[in-house]
Amino acid sequence: MRTAFINQLVEEARKDEKVFLIVGDLGFSVVEPFANAFPERFLNAGVAEQNMTGIAAGLAMEGYTVFTYSIANFPTLRCIEQIRYDICYHNLNVKIVSVGGGYAYASLGASHHATEEIGMLRTIPNLIVSAPGDPIEAKAITRLLVKDKRPSYIRLGKAGEPIVHSGINNFTIGDGLCLHKGDQTAILTTGAMLKYASDFIQNNKLNFGLYSFPFIKPMDAIMLKQISQSYQKIITLEEHQRSAGFGSAVLECLHDLIEQKKINSIPYVKRIAIPDKFISVAGSQDHLRNLSGLILNTHN
Amino acid sequence: MSISSIAFSNEIRKAVLKMVFEANASHIGGALSMTDLLAVLYSEILNINPKNPLDESRDRFLLSKGHACTGLYAALALKGFFDLKELDSYSKNGSMLLSHTNHKAPGVELSTGSLGHALPVACGIALAAKRKNKAFKTYCLLSDGELDEGSNWEAILFAPQHRLNNLIAIVDYNKIQSFGLVKEVLDLDPLNRKFESFNWNVIEIDGHNHDQIFEAFGKAKANLIKPSVIIAHTVKGKGVDFMENKLLWHYKSPSLEQYRQALEQLNSQ
Chain A
1 MRTAFINQLV
11 EEARKDEKVF
21 LIVGDLGFSV
31 VEPFANAFPE
41 RFLNAGVAEQ
51 NMTGIAAGLA
61 MEGYTVFTYS
71 IANFPTLRCI
81 EQIRYDICYH
91 NLNVKIVSVG
101 GGYAYASLGA
111 SHHATEEIGM
121 LRTIPNLIVS
131 APGDPIEAKA
141 ITRLLVKDKR
151 PSYIRLGKAG
161 EPIVHSGINN
171 FTIGDGLCLH
181 KGDQTAILTT
191 GAMLKYASDF
201 IQNNKLNFGL
211 YSFPFIKPMD
221 AIMLKQISQS
231 YQKIITLEEH
241 QRSAGFGSAV
251 LECLHDLIEQ
261 KKINSIPYVK
271 RIAIPDKFIS
281 VAGSQDHLRN
291 LSGLILNTHN
Chain B
1 MSISSIAFSN
11 EIRKAVLKMV
21 FEANASHIGG
31 ALSMTDLLAV
41 LYSEILNINP
51 KNPLDESRDR
61 FLLSKGHACT
71 GLYAALALKG
81 FFDLKELDSY
91 SKNGSMLLSH
101 TNHKAPGVEL
111 STGSLGHALP
121 VACGIALAAK
131 RKNKAFKTYC
141 LLSDGELDEG
151 SNWEAILFAP
161 QHRLNNLIAI
171 VDYNKIQSFG
181 LVKEVLDLDP
191 LNRKFESFNW
201 NVIEIDGHNH
211 DQIFEAFGKA
221 KANLIKPSVI
231 IAHTVKGKGV
241 DFMENKLLWH
251 YKSPSLEQYR
261 QALEQLNSQ
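Just so you know, the protein sequences line up as chains A and B, in that order. Numbering of the first sequence is given in the working numbering, commencing with residue 1 and proceeding in unit increments. Numbering of the second sequence is given in the working numbering, commencing with residue 1 and proceeding in unit increments.
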């Protein structure tokens, strides 16, 4: 996913001389194509994320479209106040990019598990919050956000995530994506859980609907309305704490739809997310997902 | 040169006093300590145009100690960025003049209030100017207490690395922070040597002497290699004798009698 992102960013930077990339001393063997092609629009701010984010705000005030890039919680939680106050209160054109969403850096430990940031970021006014599900989504979102002037966040996986989509058409900010429709149950995912959900449905030959929500904010309320009217059961799946994450956002949106009298009832919703805990043992990403119960089974 | 800025500083002080009194607000001590710095900046130094506050070629001034916003609002209103009558709305319902610096007010570059935010942003602006070959300067005025914030030291480390000679920081070193004397909370001394060791051009002055302030900005602008910091030794509450060097005036709003007394002192200066 990170490769899809950087390749797309290089492509966009060729067309748009305002695109600027700042890294927090990370991105070795990833960001060099950008740094080499556009040295005047590249900056390594050092291991100093608060300053990096403030610098991004200053560069955006002067007209740049600024991407900050680091891993896990460093470009988000470490500098959340700079994001809230410097970037979002001033509604500046800064895109925060985090590589290694969820348990992508599994064995590196809890410091590197990005499992709370969606909840923290989606409460901040003006901020778009996205978590692409595969490299195709990552590429499309990068392209969209370069053209959009609002502050935004992109949660990427790391390298080597498989492609799930065959292609995406007429995609715009806030859109959910239907991979295929189903009968009674729909699985809704955000971020890199998409591939797992897709494989689960295919391997078990289930007639489930599958939807990817690369935008947690704004949430695609029109698609959720259609889903709520078409299925008896919704399963949300995310690599994030259960509180305040994607599943919570889905529930909030469904409730708002009821309140606005746009739907009459809400289907049964099962949320699969991290049950309010840290993982303190080593293991692969899949192992940690299992430890946190991020598992689909035919009894869900 | 200095005569006009001294008169300007007195007008700022009176406006600050009135705003704080009428709104029953806090932070007058820190507003009065930086008033002479603002007066020289806004009367002699900054290249700004009140009729076109967003002129691309303007100098950028960022007030990092946002709690002292009354001083900035007064300077901007007196310069004509917005109507002086707006100052009467300070901190009242619906006013753009929040009691921490708000960028919704014309002439304010950056909202501040949480400390340690403006210097990193100023670094970003100064870096943008260098990358785009723009001639404007970026000024950032900080309190001494906020130098406790690690984010400032990240920026202090960054600016010389990128030769931000177009960045001028000013420290309003009044020696009193929220809950005590700076030297008793987290001592900054030797502040000049700290900045020097971080490779800044350091200029140390009496922050109430307008000639020294003016000369300091000249020296800062003349340095073509390093970012500059003007360490301005100041007195919290400067200009009103019963407020000077008193921690209490970080919080307290003057009573009617104190207001009249303070105004009388300022009118006689």
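Because the hints were derived from the structure by calculation, they are not lab data. C-beta atoms are modelled at their ideal positions from N, C-alpha and C, and glycine is treated no differently. Treat the hints with caution; some may be incorrect.
What the hints assert, rightly or not - Simulated restraints on C-beta separations: (1) Thr172(A) <-> Lys130(B): 46 to 56 Å; (2) Asp211(B) <-> Ile173(A): 47 to 57 Å; (3) Met96(B) <-> Lys147(A): 55 to 65 Å; (4) Lys104(B) <-> Glu11(A): 46 to 56 Å.
To be verified - When the alpha-carbon atoms are kept at most 25 Å apart in a straight line, the in silico DSS-like pairs for lysine-lysine are as follows: (5) Lys147(A) <-> Lys132(B); (6) Lys15(A) <-> Lys130(B); (7) Lys226(B) <-> Lys252(B); (8) Lys158(A) <-> Lys233(A); (9) Lys252(B) <-> Lys14(B); (10) Lys15(A) <-> Lys132(B); (11) Lys252(B) <-> Lys92(B); (12) Lys194(B) <-> Lys149(A); (13) Lys175(B) <-> Lys18(A); (14) Lys18(A) <-> Lys134(B); (15) Lys18(A) <-> Lys130(B); (16) Lys149(A) <-> Lys104(B); (17) Lys85(B) <-> Lys51(B); (18) Lys195(A) <-> Lys233(A); (19) Lys252(B) <-> Lys149(A); (20) Lys149(A) <-> Lys134(B); (21) Lys15(A) <-> Lys104(B); (22) Lys225(A) <-> Lys158(A).
Okay, the hints, checked on the actual structure:
| no. | hint | result |
| --- | --- | --- |
| 1 | Thr172(A) <-> Lys130(B): 46 to 56 Å | 36 Å, violated |
| 2 | Asp211(B) <-> Ile173(A): 47 to 57 Å | 55 Å, holds |
| 3 | Met96(B) <-> Lys147(A): 55 to 65 Å | 31 Å, violated |
| 4 | Lys104(B) <-> Glu11(A): 46 to 56 Å | 37 Å, violated |
| 5 | Lys147(A) <-> Lys132(B) | 21 Å, holds |
| 6 | Lys15(A) <-> Lys130(B) | 22 Å, holds |
| 7 | Lys226(B) <-> Lys252(B) | 39 Å, violated |
| 8 | Lys158(A) <-> Lys233(A) | 31 Å, violated |
| 9 | Lys252(B) <-> Lys14(B) | 17 Å, holds |
| 10 | Lys15(A) <-> Lys132(B) | 18 Å, holds |
| 11 | Lys252(B) <-> Lys92(B) | 18 Å, holds |
| 12 | Lys194(B) <-> Lys149(A) | 39 Å, violated |
| 13 | Lys175(B) <-> Lys18(A) | 42 Å, violated |
| 14 | Lys18(A) <-> Lys134(B) | 15 Å, holds |
| 15 | Lys18(A) <-> Lys130(B) | 15 Å, holds |
| 16 | Lys149(A) <-> Lys104(B) | 19 Å, holds |
| 17 | Lys85(B) <-> Lys51(B) | 17 Å, holds |
| 18 | Lys195(A) <-> Lys233(A) | 20 Å, holds |
| 19 | Lys252(B) <-> Lys149(A) | 42 Å, violated |
| 20 | Lys149(A) <-> Lys134(B) | 23 Å, holds |
| 21 | Lys15(A) <-> Lys104(B) | 33 Å, violated |
| 22 | Lys225(A) <-> Lys158(A) | 32 Å, violated |
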